[in-house]
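Chemist: Since the structure of chain A is provided, determine the placement of chain B on it from the hints.
Chain residues, written in single-letter form:
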Amino acid sequence: MTQLGELQKALPRFEAAGIKLYAVSYDEPEALAAFAHAQGIGFPLLADSGSAVIRRFGILNTFVAETDAPFYGIPFPGTYVLDEEGIVREKFFRRHLANRESADTVLESALGEILMGEADPRADAGDEDVRVTAFFHGGPLRSGPLRRVVVRFELRDGLHIYAEPVPDGMVATDVIVEGPDGLMVEAPILPPSEPLRLEVLDADLQVWSGTVDIAVPIWANSELVCIMRPVDPNVVTLDVTVRYQACDDTTCLMPRTERLRVEVPLAPHDVPAFLDGTGHRGVDVDSMKYFRDMVNRTRG
Amino acid sequence: MGQNDFTDEFGFTAPLPVTHAQRKIPDEGFATGPAVGARLPDFELQSHTGERIALHADRGDSKAAVVFFRSAVW
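So the protein lines, in turn, are chains A and B.
Take the first sequence: its position 223, counting from 1, is numbered 223 in my numbering, and each next residue is one higher.
Take the second sequence: its position 71, counting from 1, is numbered 71 in my numbering, and each next residue is one higher.
Keep in mind that the hints were calculated from the coordinates and are not lab data.
Owing to the predicted nature of the structure, the values given are computational and were not obtained by experimental measurement.
Where is the CB? At the ideal position from N, CA and C, for every residue including glycine.
Some hints could be false.
[Stated by the list, open to error] Straight-line C-alpha distance at most 30 Å; calculated BS3-like pairs for lysine-lysine:
1. A:Lys20 with A:Lys9
2. B:Lys24 with A:Lys91
3. B:Lys24 with A:Lys289
[Stated by the list, open to error] Among chain A residues calculated to face chain B with C-beta under 7 Å, some are:
4. Ala36
5. Phe63
6. Phe71
7. Thr79
8. Leu82
9. Asn221
10. Ser222
11. Cys252
Here chain A stands alone, though its shape is the one from the complex (with noise of 0.2 Å):
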């Protein structure tokens, strides 16, 4: 599987963070050894092999029918990030079953900041009052798990810039992302404003100074990349479209529209390897062998 795998790769970053990582499914014991073995995780994965958790918790998959046992008992997949207190700062859940967040994302949720990559793929612009940066962040993109394309904005101190809605005349910040046919564009995440009233216009403002990420997670669907055929090419180019107005607290500059290009790679694929049916491509393990435990429980 694609996302515990990817947040096995980044578990040493999670430890050093003093960030606990737990995953848990309705599998069985049995199961999740075989799967932690073959993939080499290193953090628990929790056996729910009633359902009883999912259930309490309210995320029981109710548009699975119990008629379609083995599968019934599975849960909306989401993730969970809880602070020192074991409160849900933040939760992630998707409709698409393949879409599930990056590591990355899970990761910088916690420690409450994006952390730009050394290699991630990027493209700047801008002056000495505003410099943005956007940047393809979480991973190469695959069909299903989401990635980011963050913009940061470093605005020098005095500067703002601003949230929607604004009155007339003014621009607020604005992000669109467009990229090949496929590419599955969600709304922009952004981050908390603070209020700025405006006497001279009346008006209470959203704004945002420092620095400032606004991030909007993307996937591939399968016109752009398709577990059914090879990856080609394996690299796309995305547009990033920047519009925003940085003002002080006397006067503003003129609206600036920042055009960025960042280049993408895709991720390779074991074409062949999709008729073993299993959904966990690469991983060498007999599936089959617990699937047909997880057949059998269901008659009992």
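Modeler: For chain B alone, coordinates are given in the frame of chain A:
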């Protein structure tokens, strides 16, 4: 690529019909469990190493991510 038996509303194609249990897509507004701002209810489950793990006791004072995933089998 249009929508067909193997391509879902998101344009995702796989070698199973979209009506198969493995490919059911929840409606908008499906349940996502404990709310942001609430303490995650505690639970105790057996791990893949055979250890029984009680979430909050095991976590101690650490931040944590709890992932609910589909299955390690299929």
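Chemist: Tell me, which hint numbers fail for this structure?
Modeler: 11
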